[in-house]
Amino acid sequence: MWIYQKKLEFPINITTPDLNVAKALMAQYGGPDSELSAGMRYLTQRFSMPDDRLRATLNDIGTEEIAHWEMIGTMIHQTVCGASLAEIEAAGLAGYYTMHGRAVYPADPNGVPFTASYIQATGDPFADIFEDLAAEQKARATYEHIMDQTENEQYLAPLRFLREREIVHFQRFSECMNILKELYPDGMRRPGAMMRFPGAAPVDIDR
Amino acid sequence: MTENELLNRISEVQFVCVELNLYLDTHPADEDARADMLAYSGLLTELIADYESQYGPLLGFGHSPTDKGCWVNSVWPWEKA
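Chains A and B, in that order, are what the protein sequence lines are. Under the working numbering, the first residue of the first sequence is numbered 227, with each subsequent residue one higher. Under the working numbering, the first residue of the second sequence is numbered 147, with each subsequent residue one higher.
I should point out that these hints are in silico values taken from the structure, not numbers from a laboratory. Keep in mind that a hint or two might mislead.
Calculated pairs, BS3-like style, for lysine-lysine (alpha carbon to alpha carbon, straight line, at most 27 angstroms) [what the hints assert, rightly or not]:
{"no.": "1", "chain 1": "A", "residue 1": "LYS232", "chain 2": "B", "residue 2": "LYS214"}
{"no.": "2", "chain 1": "A", "residue 1": "LYS407", "chain 2": "A", "residue 2": "LYS364"}
{"no.": "3", "chain 1": "A", "residue 1": "LYS407", "chain 2": "B", "residue 2": "LYS214"}
{"no.": "4", "chain 1": "B", "residue 1": "LYS214", "chain 2": "B", "residue 2": "LYS226"}
Cβ pair distances, simulated, as ranges [as the list claims (entries may be wrong)]:
{"no.": "5", "chain 1": "A", "residue 1": "GLN397", "chain 2": "B", "residue 2": "ALA175", "range": "10 to 20 angstroms"}
{"no.": "6", "chain 1": "B", "residue 1": "GLY188", "chain 2": "A", "residue 2": "GLN397", "range": "18 to 28 angstroms"}
{"no.": "7", "chain 1": "B", "residue 1": "GLY208", "chain 2": "A", "residue 2": "HIS326", "range": "27 to 37 angstroms"}
{"no.": "8", "chain 1": "B", "residue 1": "ALA179", "chain 2": "A", "residue 2": "PHE356", "range": "24 to 34 angstroms"}
{"no.": "9", "chain 1": "B", "residue 1": "ALA181", "chain 2": "A", "residue 2": "ALA383", "range": "30 to 40 angstroms"}
{"no.": "10", "chain 1": "B", "residue 1": "GLU192", "chain 2": "A", "residue 2": "ASN246", "range": "38 to 48 angstroms"}
{"no.": "11", "chain 1": "B", "residue 1": "LEU184", "chain 2": "A", "residue 2": "CYS307", "range": "35 to 45 angstroms"}
{"no.": "12", "chain 1": "A", "residue 1": "ASN378", "chain 2": "B", "residue 2": "TRP222", "range": "21 to 31 angstroms"}
{"no.": "13", "chain 1": "B", "residue 1": "VAL162", "chain 2": "A", "residue 2": "LEU409", "range": "26 to 36 angstroms"}
{"no.": "14", "chain 1": "A", "residue 1": "ASN246", "chain 2": "B", "residue 2": "LYS214", "range": "38 to 48 angstroms"}
{"no.": "15", "chain 1": "A", "residue 1": "LEU409", "chain 2": "B", "residue 2": "ALA179", "range": "13 to 23 angstroms"}
{"no.": "16", "chain 1": "B", "residue 1": "VAL162", "chain 2": "A", "residue 2": "ALA383", "range": "16 to 26 angstroms"}
{"no.": "17", "chain 1": "B", "residue 1": "LYS214", "chain 2": "A", "residue 2": "TYR323", "range": "47 to 57 angstroms"}
{"no.": "18", "chain 1": "A", "residue 1": "ASN404", "chain 2": "B", "residue 2": "PHE207", "range": "30 to 40 angstroms"}
Predicted model, so just to flag it, every value in this text is computed and none were measured. Just so it is clear, CB atoms sit at the ideal spot from N, CA and C, and this is done for glycine as well.
Chain A with its partners taken away, still in its complex shape:
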């Protein structure tokens, strides 16, 4: 289970809101490389991981991603909650306003709603950890694209923190990949080799 802690992982206080930034931030709230994608991806993949260290990493990074998702939602909320209709229209958010008002909804900046097809759980830990490594890089690139669009320190400070977390997570997933290669030196030759988990029937990879 999870216990909620009534605070953010990193402080946010938006007093000079910028709706263009809020629109860009939706990439990280409901887009394919969003914090929501990351959290759901890791917390789902963890069930079929073959090693305690991999289970722990996916569980704990997945948990941290949910705290990051909360930070993104907080920045969007604090930006749109006091915005006028004219400001919303000027930022190209009239369509968003029509369907969601000033609520925070998991869609990307183009209005495309979040979908589970953004994530995978293949049951093959090599495939899954490679996806996770790519996900961290895509999220880092997305943060940099958002940061390109503002000089506002009230957004940049939390965004710098979140961008750094992508780099640390990538480092941890790199270590997970090294662990996998040690555990299954033949694992890359044929996906079926990954069936050789504790409790699973052995598979002849040369078959």
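On the provided structure of chain A, position chain B as indicated by the hints.
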């Protein structure tokens, strides 16, 4: 410390613990990191107990034994300060 200063201090120490936790996930036998984790999680527990004794619960579902403040009515993290 003011309430905000204490919250920021908790965030700083908690961040050290998050980093150590993720590092230990892939290096569970690292004795130095385990010792750091023990020290910082002790400090974190003290800071949270100090905060909760003055301002109210930080954790839900019964993990914050304090009769100060109010879980329902204290400001939510996404609300403006």
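Q. Against which earlier hints does the structure fall short, listed by number upward?
A. Hints 3, 17 are the ones this structure does not satisfy, whereas the remaining hints hold.
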